[in-house]
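Colleague: Chain order of the listed sequences is A and B.
Residue 1 is where the first sequence starts when you use our numbering, and the numbers rise one by one after that.
Residue 1 is where the second sequence starts when you use our numbering, and the numbers rise one by one after that.
Hint data in this document are derived by calculation from the structure and do not stem from the laboratory.
Cβ atoms here follow ideal geometry from the backbone N, Cα and C, with glycine treated the same way.
Possibly wrong hints are sitting among the right ones.
Stated by the list, open to error - Lysine-lysine pairs mimicking DSBU-like chemistry, simulated, CA-CA at most 30 Å apart:
#	chain 1	residue 1	chain 2	residue 2
1	B	K216	A	K130
2	A	K215	B	K97
3	B	K97	B	K86
Stated by the list, open to error - Derived, one-sided and incomplete: chain A residues facing chain B with beta-carbon distance under 8 Å:
#	residue
4	M36
5	S47
6	S48
7	E121
8	R124
9	M126
10	G127
11	I137
12	P140
13	Q141
14	N152
As the list claims (entries may be wrong) - Calculated Cβ distances over 12 Å to all of chain B for the following chain A residues:
#	residue
15	R10
16	R109
17	P116
18	K159
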Amino acid sequence: MMGLNIDVIRENLPLFLEGLGVTMLISVVAIPAAIMLGAIVALCRLSSLKILRTGALCYLEILRNVPFMIQVFLIYYLLPFYGFRFPAYVVGIIGLSIYASSYFSEIIRAAILSLPTGQLESARSMGMSKLQAMIHIVLPQLPPYIVPPFINQSSTLIKDTAILSTITVQELTMATQRVQQESYDFVEPLVFAAALYLAINTIMIFTMSKIKQAKST
Amino acid sequence: MLKELNNGQDVELLKIRGLKKKFKGVPALCGVDLSVNSGEIVCIIGPSGCGKSTLLRSINYLSEPDEGEIYLNGTPVKPERTGIFKNDARLNQQRAKIGMVFQSFNLWPHLPVIANLTLAPIKVLGCPAEEADKRARELLEKVGLSAKARALPSQLSGGQQQRVGIARALAMNPSLLLFDEPTSALDPELVQEVLNVMLDLAAEKKTMIVVTHEMKFAEKVADRIIFMDGGKILEQGPPQSLLRDPKCDRLASFLNLVG
């Protein structure tokens, strides 16, 4: 059994934890932002105005067919041209929010479309506007259809933050690479990083399912 | 034709002219003209696919006609168009005056029965909550479901759900009530309880347009029965003459089948 050098992890623990902190910060900010942006895009796709529908479709097609890494590089290099000089992690948050919004938008749209149309018909037949029907009939019934896919998607996005290391964001993967370069130990830092990612995701999923249980009682 | 005001009788409430509708090239309505006066009870009968549901759903614009005009109290029932924008404000006001009862009830499953009845009056008519609640309870009493005010629709039988559906339509105090095969989705033993509610409404001289297969009900309640086939009105008249002595062959064979 190959001896694992725990010392390298112990010595560099602050670095790992800092990286973990940045990963979590980016996730906690980008995911809600992506959900809100995704909701707007979903409504555009369902709009009666053709221009909104087409615009939303183009937005989605671009974001889902270009690799996340390329998207992030583009934003990182293009923003300074327009006068925006943000720290790397802010660019990371922006990139992740935009990319993730495309997935959340499709989850929301699918949930809205899965509601039986009869309910919307009865709402509109009584004089409710589309907005009122959306707020009072559609929205309250969405949670069971969107929470499980949201949790899955969030888990994927937390893992995708690793890609932000390519634009110098000091998150967990970048920290891992620094420890590898400085200590010439390549395996232990990776194993530890994997364990930390596993821990975040497990805790997140566990917490969400506890909240779901509490809400349904 | 618009008749003179006469004690609220003979006022033309609904006017439909030249209604045409195709679904993916298949004609559903081929030029329908219809007038309904205030207080009149009209039953529409006909074989499956004759366009009766499409006609009914066009009245409150749930189905958008390809051609033709629909007027409620003289005002057209359709969205207003300003440039590329469609404005539903006037249509929503019209719809608030038209109550609809659906074959599949279409209650809102996440709201208890009482909330199903109060939501639209509060949000659309701006009715204060206490008043809406009071009216809702009166209506539940009327349809015999006072005990179920806090129940969820899923806890009710089909007949009970449909009675809630009727109460919900009544909560908006509509000038016109539309019934789209209200008992077709019900088990036979539950049909009568819904028909009884509708009989009470008919006795109160509410303006009703009922698409139905219940011939005995239609005969009892209708001022006028309309027979449709192939997207057209083929014959209409008082139940006694239409049902006993049909002039058109297709109506005669339809009545033979349905009895």
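Colleague: Now, for every hint given, state plainly whether the structure supports it.
Modeller: Each hint tested on the structure:
Taking the CA atoms of B/K216 and A/K130, the gap is about 39 Å. The hint is violated against a cut of 30 Å. The straight-line distance between the Cα atoms of A/K215 and B/K97 is roughly 38 Å, outside the 30 Å bound, and the hint therefore fails. Distance hint between B/K97 and B/K86 is fulfilled; the C-alpha atoms sit about 20 Å from each other, no more than 30 Å. At a threshold of 8 Å, the smallest CB-CB gap from A/M36 to chain B is about 23 Å, leaving the interface hint violated.
For A/S47, the interface hint is violated, since its Cβ never comes within 8 Å of a Cβ in chain B; the closest pair sits about 11 Å apart. With a cut of 8 Å, the hint placing A/S48 at the interface with chain B holds, because the nearest CB-to-CB distance is about 7 Å. Against a cut-off of 8 Å between C-beta atoms, the interface hint on A/E121 holds, since the closest Cβ of chain B lies about 6 Å away. Nearest Cβ of chain B to the Cβ of A/R124: about 7 Å, under the 8 Å cut. The hint holds.
Contact between A/M126 and chain B, as hinted, is supported at the beta carbon level, the nearest pair being about 4 Å apart and thus within 8 Å. The beta carbon of A/G127 comes within 3 Å of a beta carbon in chain B, closer than 8 Å, and the hint placing it at the interface holds. About 6 Å separates the beta-carbon of A/I137 from the nearest beta-carbon of chain B, less than 8 Å, and the hint is met. For A/P140, the interface hint holds, the least distance from its beta-carbon to any beta-carbon of chain B being 5 Å, beneath 8 Å.
About 5 Å separates the beta-carbon of A/Q141 from the nearest beta-carbon of chain B, less than 8 Å, and the hint is met. Violation of the interface hint for A/N152 is found here, the shortest Cβ-Cβ separation to chain B being roughly 24 Å, above the 8 Å cut-off. Against the 12 Å criterion, A/R10 stays outside the reach of chain B, whose nearest CB is about 53 Å from its own CB. The non-interface label for A/R109 is consistent with chain B: the shortest C-beta to C-beta separation is roughly 20 Å, beyond 12 Å.
Not every CB of chain B lies more than 12 Å from the CB of A/P116, the least distance being 8 Å, so the non-interface label is violated. The Cβ of A/K159 lies farther than 12 Å from every Cβ of chain B, with a closest approach of about 34 Å, so its non-interface assignment holds.
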